[in-house]
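Could you slot chain B onto chain A? The hints should help.
Number of protein chains: 2
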Amino acid sequence: MPPSERDILIALHHLPGLGPQKWLTLQHTIQSPADLLDWPTDKLIKSLGQNAAQLFALWRAGEQGWLGARLNALARWLESDGHHIVTQFDELYPPLLKEINGPLLLYVAGDPLVLNLPQIAVVGARKATAAGAKTAHHFSQALASGGYGITSGLALGIDTQAHLGALAGAGKTVAVLGCGLDKIYPARNLALAAQIIEQGGALVSEFALGVKPEPGHFPRRNRIISGLSVATLVIEAAMKSGSLTTARQALEQNREVFVIPGSIYSEVSEGCHWLIREGATLVYKPEQIAEQLGAQLALFDLPEPAIEVNDELVPKHKKLLQLIGRERVEFEALLALSHFNLSELHQALGELEMLGLIASSEQGIERLFAGS
Amino acid sequence: MPPSERDILIALHHLPGLGPQKWLTLQHTIQSPADLLDWPTDKLIKSLGQNAAQLFALWRAGEQGWLGARLNALARWLESDGHHIVTQFDELYPPLLKEINGPLLLYVAGDPLVLNLPQIAVVGARKATAAGAKTAHHFSQALASGGYGITSGLALGIDTQAHLGALAGAGKTVAVLGCGLDKIYPARNLALAAQIIEQGGALVSEFALGVKPEPGHFPRRNRIISGLSVATLVIEAAMKSGSLTTARQALEQNREVFVIPGSIYSEVSEGCHWLIREGATLVYKPEQIAEQLGAQLALFDLPEPAIEVNDELVPKHKKLLQLIGRERVEFEALLALSHFNLSELHQALGELEMLGLIASSEQGIERLFAGS
Chain A
1 MPPSERDILI ALHHLPGLGP QKWLTLQHTI QSPADLLDWP TDKLIKSLGQ NAAQLFALWR
61 AGEQGWLGAR LNALARWLES DGHHIVTQFD ELYPPLLKEI NGPLLLYVAG DPLVLNLPQI
121 AVVGARKATA AGAKTAHHFS QALASGGYGI TSGLALGIDT QAHLGALAGA GKTVAVLGCG
181 LDKIYPARNL ALAAQIIEQG GALVSEFALG VKPEPGHFPR RNRIISGLSV ATLVIEAAMK
241 SGSLTTARQA LEQNREVFVI PGSIYSEVSE GCHWLIREGA TLVYKPEQIA EQLGAQLALF
301 DLPEPAIEVN DELVPKHKKL LQLIGRERVE FEALLALSHF NLSELHQALG ELEMLGLIAS
361 SEQGIERLFA GS
Chain B
1 MPPSERDILI ALHHLPGLGP QKWLTLQHTI QSPADLLDWP TDKLIKSLGQ NAAQLFALWR
61 AGEQGWLGAR LNALARWLES DGHHIVTQFD ELYPPLLKEI NGPLLLYVAG DPLVLNLPQI
121 AVVGARKATA AGAKTAHHFS QALASGGYGI TSGLALGIDT QAHLGALAGA GKTVAVLGCG
181 LDKIYPARNL ALAAQIIEQG GALVSEFALG VKPEPGHFPR RNRIISGLSV ATLVIEAAMK
241 SGSLTTARQA LEQNREVFVI PGSIYSEVSE GCHWLIREGA TLVYKPEQIA EQLGAQLALF
301 DLPEPAIEVN DELVPKHKKL LQLIGRERVE FEALLALSHF NLSELHQALG ELEMLGLIAS
361 SEQGIERLFA GS
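Same order as they appear, the protein sequences are chains A and B. Counted from 1, the first sequence has number 228 at position 228 by full-length UniProt numbering; the numbering is strictly sequential. Counted from 1, the second sequence has number 334 at position 334 by full-length UniProt numbering; the numbering is strictly sequential.
Bound conformation, chain A alone:
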């Protein structure tokens, strides 16, 4: 049986030097990755380079070789629970990441659905101040319990507090790594990584298994962090720091950037202040982010949070959840929109509330996305 398009893509991804840019160029010359199975070797060499072309030619000829061995190792890894590959051919590939021409594929450990949850990247200095660490935890907890995924880089300092805050908020969190998922870095955060998966989040990387963390990987890691997220929150960032790069990428990607200010005498606030002067939004309360993004998400018609609707729900419930959407809705509006009668609506809302899927207050009815 010939390899599928997806298999070919995965094989291509393992070839040295085939990043998203080269892939884009390649895409213009082929209808499908399967075309490459028929290309003469000299054409392959012209497109992929000598080294990559030879590895690919060997593999398509059915020989084990270097590429075959790596793909076999990958196949074994994929046999474990919660190990996934999400390619640009897969529906699960996050649209926000596609928008910025993200990597051909992502390695995922944990629940890949979480990548489609509206996420906020929380980034900052490894050498965070105590106040910065507290802020990262507090904001991430509040935003996660409000239904946002928290995306960060599993580094020490702000990243760690962001993940911990999200977990404390009973929310989901995504850690993007600058290495293969079998080489988790830093080792001090191995337990945190496990807990992230445990609680329904995910570890993500564009780097193949076995790839070690290297300084050159972190800009690419940062690009995924901001690319996955509707917004980036920068807590503490020195000038010329990785966090600042992430934030600049977010601005270039036309994503919202929120920034926590600090003392003008603190080095780890200088990058933050620079960003605010460049147009990023100063925030000092988590609500300010939620408020602004509420409007934003509606504006850009972004996908609903990818939290699965309970299968036990009857169509009536599903219809109501759809109507409520991401915005708080008044009871009267819901009555008109749903075409339910008064007692039908009361009963259905009561059931949804019992299931922890909505909350009602005098201000109206809203969906609860976190931990639901």
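Hints in this document: simulated from the structure, not taken from any laboratory. Model, not experiment: these values are computed from the prediction. Keep in mind that a hint or two might mislead.
Identical chains blur together in the list; that is why a pair holds if it fits in one copy or across any two.
[To be verified] With a cut-off of at most 27 angstroms between alpha-carbon atoms, the simulated DSS-like pairs for lysine-lysine come out as follows: (1) 22 to 316; (2) 46 to 240; (3) 212 to 240; (4) 127 to 319; (5) 183 to 285; (6) 127 to 183; (7) 212 to 316; (8) 127 to 212.
Using the frame of chain A, we list chain B on its own:
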């Protein structure tokens, strides 16, 4: 000899209840304040109110009365060196203050010319943090030595540091009071007030002699602080503080507002952060203010700093200073603009540099406004 228009304005200013608003209304009904000398008493009562009208009627009849006694006391005060009144009829009345419908007149102790210097208001909390005090001093010193007047309110905390910083920068500073100039408040700053005058600055108030500081006066005082200034710099300000009011007034007056950020856990930074979210400009270096205002001043065609050109200057020097203006100019441009020949220009620039009026560098030639 009948009283002059100016005398009548000063008399009117002393009448209870005649603020800028009432004066504006009155102006629509008269050609000149002298008209009021001929108005029948019932017409005066209708415009000024019973009490004020009777005081005014007595005074215009040449009787001493309450108003006459106060004007005599004022006349005695004006006999002292450096005591002035600047009315809306005087050329010295600051145009920026006129623009926002400032008070009918200002009492000035010190050099009234300083009110026409481009000024930056520096305001903030009385209960400043050590970092805030340091920032106020540092920024005021840098801006004052760059030729800007520093305007503040002589209060403890940020205000005091702003005045002290300006003095340390060998610059001029203006203290606007919420009381009569013979009732300087707080008493702890009496020596500072004297030094402000000593160094060519001024104390200013819209309140008549003998008026004590009262809480209700400070919003009016703050309005003058921002109204005199091309920009307001807020260092530390709690929500609902007077400094925040000053900054909001500055924004309403379409003046630039610069803000120093701080910790999100500090109460005296909350107002600052609020202002930044409202559109004020975050700054963390004095140069950022100077840069932005340089462009601003050129744009609005505001008066050049009112530092007098040395009388010993020959016309050639004056012409060059005019050409250099507020912006750094390249030597070649100056050569073309001045129509001087090469050696003439070199000599004149050398003389101006010796006089401390300009500085040349590889980037060009610029005027030095401070202490020149």
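Here's how the hints hold up against the structure:
{"no.": "1", "hint": "22 to 316", "verdict": "neither (48 angstroms within a copy, 65 angstroms between copies)"}
{"no.": "2", "hint": "46 to 240", "verdict": "neither (37 angstroms within a copy, 68 angstroms between copies)"}
{"no.": "3", "hint": "212 to 240", "verdict": "within (23 angstroms within a copy, 54 angstroms between copies)"}
{"no.": "4", "hint": "127 to 319", "verdict": "neither (48 angstroms within a copy, 56 angstroms between copies)"}
{"no.": "5", "hint": "183 to 285", "verdict": "neither (36 angstroms within a copy, 43 angstroms between copies)"}
{"no.": "6", "hint": "127 to 183", "verdict": "within (23 angstroms within a copy, 52 angstroms between copies)"}
{"no.": "7", "hint": "212 to 316", "verdict": "neither (50 angstroms within a copy, 71 angstroms between copies)"}
{"no.": "8", "hint": "127 to 212", "verdict": "within (22 angstroms within a copy, 53 angstroms between copies)"}
Going through the hint list in order, the structure does not satisfy hints 1, 2, 4, 5 and 7.
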